[in-house]
Amino acid sequence: DVKVTQSSRYLVKRTGEKVFLECVQDMDHENMFWYRQDPGLGLRLIYFSYDVKMKEKGDIPEGYSVSREKKERFSLILESASTNQTSMYLCASSLGQGASYEQYFGPGTRLTVT
Amino acid sequence: GQQVMQIPQYQHVQEGEDFTTYCNSSTTLSNIQWYKQRPGGHPVFLIQLVKSGEVKKQKRLTFQFGEAKKNSSLHITATQTTDVGTYFCAGDAGNMLTFGGGTRLMVKP
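Just so you know, the protein sequences line up as chains W and Z, in that order. Under the working numbering, the residue at position 111 of the first sequence is numbered 111, and the numbers go up by one with no gaps. Just add 1000 to the spot in the second sequence (first one is 1) and you have the working numbering.
Hint data in this document are derived by calculation from the structure and do not stem from the laboratory. By construction, the Cβ of each residue, glycine as well, lies at the ideal position given by its N, Cα and C atoms. Errors might be hidden in some of the hints.
In silico DSSO-like pairs for lysine-lysine, Cα to Cα no more than 30 Å straight-line [to be verified]: (1) 57/W - 18/W; (2) 1056/Z - 1108/Z; (3) 13/W - 57/W; (4) 53/W - 13/W; (5) 1059/Z - 3/W; (6) 13/W - 71/W; (7) 3/W - 53/W; (8) 3/W - 57/W; (9) 18/W - 3/W; (10) 13/W - 1059/Z; (11) 1051/Z - 57/W; (12) 1057/Z - 1108/Z; (13) 71/W - 1059/Z; (14) 57/W - 1108/Z; (15) 70/W - 53/W; (16) 55/W - 13/W; (17) 53/W - 18/W; (18) 1056/Z - 55/W; (19) 1108/Z - 1051/Z; (20) 1108/Z - 1036/Z; (21) 70/W - 3/W; (22) 57/W - 1036/Z; (23) 55/W - 1070/Z; (24) 55/W - 1108/Z; (25) 70/W - 55/W; (26) 1036/Z - 1056/Z; (27) 57/W - 1070/Z; (28) 1036/Z - 1070/Z; (29) 57/W - 71/W; (30) 71/W - 3/W.
Some chain W residues well away from chain Z (every beta-carbon gap over 12 Å; in silico) [to be verified]: (31) 4; (32) 12; (33) 14; (34) 15; (35) 17; (36) 24; (37) 44; (38) 57; (39) 62; (40) 71.
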């Protein structure tokens, strides 16, 4: 069974803080993704990575950066958290490159920025 | 950019009634995937459709991909309380999936 884990289920940060969200997958998947989920908006892709040290912007990359130093780990960084980044953040991984493979999601991190 | 619209946003049904959610893309898709997210859970992959006009069934769930590969639907026959959750479609028109807004299904026992 593929397992995708995220470092925290709930996180509360102050405006202006630097925030790190960590994601680890244990199935040697090539692709990893970061989404944010907001009511009525579905899942919006922030960044994805198809290989170590590679990253591609998704639909809403502004205010975020990512890091993939090891194949199994993909980090999302909020350089200076703002209240409009309060959201549910979901990490996912998939076996191959491209979007033709099913994605396996982690449990999510609910981030509140005050 | 690519947009994927999903309707309705919410649906209340009585247990035993049927349910359908519709997905429409602004561009032609290579494939479409469907996911289910239970309340408090994370999205879980249900199925992928690739061919024009494709129809796939999983027990009471029927998935269709339109002939033009720009729309899709998920139909649940005789809903049960275990069907509660949000159903998302996700379209592939390039190198990443674009998710619809989801349809939240609520089932009254």
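Taking 30 Å as the top limit, are the C-alpha atoms of residue 1056/Z and residue 1108/Z close enough? holds, 27 Å
Quick one, are residue 13/W and residue 57/W close enough, alpha carbons at most 30 Å? holds, 24 Å
Pairwise hint evaluation, residue 1108/Z against residue 55/W, where the allowed Cα distance is 30 Å at most: Since the Cα atoms of residue 55/W and residue 1108/Z sit roughly 44 Å apart, the hinted pair is violated (cutoff 30 Å).
Test the statement that residue 17/W is away from the interface with chain Z: the closest C-beta pair must be farther apart than 12 Å. holds, 25 Å
For the pair supplied as a hint, residue 57/W and residue 1070/Z, is the alpha-carbon distance within the 30 Å limit? Roughly 24 Å between the alpha carbons, so the hint for residue 57/W and residue 1070/Z holds.
For a C-alpha distance cap of 30 Å, please report whether residue 57/W and residue 1036/Z respect it. With a Cα-Cα distance of about 25 Å, the restraint between residue 57/W and residue 1036/Z holds, given a limit of 30 Å.
Pair hint residue 13/W and residue 71/W, alpha-carbon separation not exceeding 30 Å: Holds - the C-alpha atoms of residue 71/W and residue 13/W are around 28 Å apart, at most 30 Å.
Compare the distance between the alpha carbons of residue 57/W and residue 1108/Z with 30 Å, and conclude whether the hinted pair is satisfied. With Cα atoms ~41 Å apart, residue 57/W and residue 1108/Z exceed 30 Å; violated.
Compare the distance between the alpha carbons of residue 1108/Z and residue 1036/Z with 30 Å, and conclude whether the hinted pair is satisfied. Holds. Residue 1108/Z to residue 1036/Z sits at ~18 Å (cutoff 30 Å).
Does residue 71/W pair with residue 3/W here, judged by a C-alpha cut-off of 30 Å? Within the cut-off at roughly 14 Å; holds.
Checking a non-interface call: every C-beta of chain Z should be farther than 12 Å from the C-beta of residue 44/W. Is that right? violated, 7 Å
For a C-alpha distance cap of 30 Å, please report whether residue 1056/Z and residue 55/W respect it. It is violated: about 34 Å lies between the C-alpha atoms, which goes past 30 Å.
Against the hints set out earlier in the document, violations occur for numbers 10, 13, 14, 18, 19, 24, 31, 37, 38.
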